[in-house]
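Asker: Protein chains in written order, with the working numbering: chain A, 481 to 1011; chain B, 3 to 319.
Please keep in mind that the hints were generated in silico from the structure rather than gathered at the bench.
Misleading hints may appear alongside valid ones.
What the hints assert, rightly or not - Simulated restraints on C-beta separations:
(1) P287/B to N802/A: 47 to 55 Å
(2) V26/B to N818/A: 30 to 38 Å
(3) G816/A to V92/B: 38 to 46 Å
(4) A173/B to N818/A: 38 to 46 Å
(5) N802/A to Q148/B: 50 to 58 Å
(6) C996/A to L151/B: 19 to 27 Å
(7) M744/A to P89/B: 52 to 60 Å
(8) L151/B to R714/A: 43 to 51 Å
(9) G926/A to T15/B: 43 to 51 Å
(10) R646/A to P112/B: 34 to 42 Å
(11) I177/B to R714/A: 49 to 57 Å
(12) G29/B to G816/A: 28 to 36 Å
(13) L139/B to R714/A: 52 to 60 Å
What the hints assert, rightly or not - Covered by chain A, according to a simulated footprint, are these stretches of chain B (three or more residues, beta-carbon under 8 Å):
(14) 103-112
(15) 156-164
The structure presented is a predicted model; accordingly, all values stated were derived computationally and were not measured.
Yeah, the Cβ is synthetic: ideal placement off N, Cα and C, and Gly gets one too.
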Amino acid sequence: MTRRPSKVAAARGAAVVLALLLAAACGQKSNVRDSSAAPAAGDATAGGNPGGGPAGGSSAATGDTVATAGGAGAAAPAGASTGAAGPAAGSSSAATPGRATSPSGGTSPGASPGNSPASAAGPGSAAGRTPSSAAGASSGGAGGGGGKAAGPVPVPAPPPPGGGDRTGVTDTKIRIGIHAPITGAAPFPQNAFDKGKDVYWKMLAEKGGIFGRNVEVVFRDDQFNPSRAVQVCREMVEQEKVFVLLGAAGSEQITACARYANSMGVPYLSAGVNEDGLTGLSSYFATSQTYAQQSPVLVSYIANKLHKTKIAIVLNNTPALNETQQSVTREAQAAGLNIVRNSRIGKNASDSELLSEANALRASGAEVVYLLTSPVNFIKLATNAQAQAYSPIYMGPGITNGLNIVAEAGCPAIGSAKFLSPFPQLDVIDNLDPDYQKSYQKYNGGKGDDIGLAEWGLSKVIGSMLQAAGKDLSRQSLVAALESGREFGTNVYPLVSYSGSIRFGARSSHLLEADCSTRSYKTIAQFTNGF
Amino acid sequence: MPTVLSRSALTSTAIAVGLAAALVATGSSQALVIGIITGAGYGLVALGLVLVYKSSGVFNFAQGEFGTVAIYALYRVHDKIGVPLIPAIVIALAVSVAMALVTERVVIRPLFDAPRVALLVATAGVALLAISLELWLGEARPRFIQPALGRLNRLSLFDVAVSDQRMLVLAALVILAVVLALFFSRTNLGLAILGVSQEPVATELMGISVRRLSSFIWALTGLLAGIAGILTAPVAGSFAPGFLTSTALIPGFTAAVLGGMKSLPGAFVGGIVVGVAQSLAVSSPAFHSIPGAGSVMIFVLLLIVLTVRPQGLLGRA
């Protein structure tokens, strides 16, 4: 007691500790790595199918991957995902020059209703799975067309010279790195992430892997913090030597990591988020529609399905979302909607900020609230709005607000919230891709959840891309395969294609709706790009 | 002591009335209401911080986690196991008190003679450990607990609906601040605690067990944190590991400093002032272009108080 410092000095020390503590409060579970990703690497494969790609007879799931790469209408028959598709894998690189043409034009109105993933291969079949992409011409506009040539043209990666950068690739393994916000303002259950992240790769490994290689996943928690995201991406690239980086969610984190990856020449793929800050990065590719591409879809739903006219726009206050705000404002005005409030809230908004916003929304009389915030902010805003006797329809783009954990925690306040999503919900997955639940059951011993489904879908897209890059896999060959214009479809994630100038090449999304009677989301429209 | 209490109460009332009048006059009445009902939560956390600092000179950075642990305990025994609400609340408060007592016995007491900064860091360590345990045991997913009082629209002030649960938070803050202030000024035990904080050796020589008093104080602060957590989590919408630390510790700390660090009524006033300032910052069009204006406002307040009036609004130099 005798050595007590002055109050001011102690307060200074306290301020430092506070900062440390706050950082800690945002999350601690990082550096989770699972090297057990794929079983027995190439061993199993070696005997089976070296270099042959997923041999025929692969399930629909695998088959479609292969067929996708194979491209060229030949593979089109829906449902043909099986056997025949297999060989396409190996030849995919060479098989597709013809498809390099119009990735953005996209989606012909073909109609095959089959739900084979293989559909992705051919234009016709692609549309079969994407009824709305058939209609895409209508409302597609920006998004539906798939891909938006953005400002500066990215510098295409050099063609694979036979050598190329093969970091993270061996004869038996491909190591990929994923970052996601396990903690922070958009917390996801780590257990679900851990269980789901390898399911697809394990299944693929049993079928021979990707030209005999199995995929090993390195995972890091970015804590919903862009600085942390760059740090973990750097770790994965420089220490873990991953071949490719994937961003699961979080616009700022994805933008930060993508820019870092670009500076290192590492291919980076993520679910679609903002375009600002990502346009012009030669190593970046979005696997689903960006927020801006989703704007016309959402606006068309509000105008044509909900028949509401007064909308409010609420976004996280980050510069990365400026373009999203502009796009949805523009689309809403064009559709004749009345924007009664257009505001931004803090990424980690306080109780008073959320209550103020809820009160302002109520006062504005908005019938629909277009929302692009973290799940935690969404739940808190909805709860505060409900406390103000105000229950609008929440709608928005995104990746995470349509997860069941949001409905679980947010019901009944979130009402019948509707969010677009790159992946469907569990209610339809058995129809779209029966392999998911079977595989999840097989490798984890239980029913798969939607976080696992998101990982499954993303893995499938990546798998098809790695397949398309050919046996002589390098970073250059992967980028070249992506830029070739061929289409990648998975029956989970939307059909996507890229070119030298198009990095945002997804054509559609799923629309999910909260069902508070079951505290979960259901899929109300699949592969849609307009209403 | 009664004089000090009266003077504090008078100053608090004058500040509150002046602030309220100014805000109503400038058309910020909604921000005032929102600030008061959200600031009450900060005040509750500040009360616990002041209690420990007043009695031992320690900044307790584990205060938020004592409360978060109580929330998790309530969630577990009420929502998951199905224990009725009242017994569940008692269990949850017992858990937070137990955590505080363990902290006192295992961390604070061995460091009792160490510099206060060492204790400050030690409590931060406890908070980190607690957050890690919450993540480990409870996962990072957002969770929700129903408010004890569910009615939302009983009261409306300046067109802002004030739910019963928020009224409960405010009432708890007022009652606890008054009761604790009376405890420290009117009871022998309260005076003994103050004596320990100022002259531990002399107090010990008077036959008062410093260690026993220390345990009592930490148990009390655990109880306060538990009450803060259980009352505020339902109105916040959801909670996750580190909930009170991330949402209320910095505002609570600012409120405590604003109030003078040793003044319990000051913690009450500080909480309300911080809440109102934050509410003004986020609702005023002048601040719309500033990302995180509410957080900025808290740090600005903290900075001003520490540099201009380190003893706080109600503290003595």
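Asker: Check each numbered hint against the structure and report the violated ones by number, ascending.
Answerer: The structure conflicts with hints 1, 3, 5, 9, 10, 13, 14, although it agrees with all the remaining ones.
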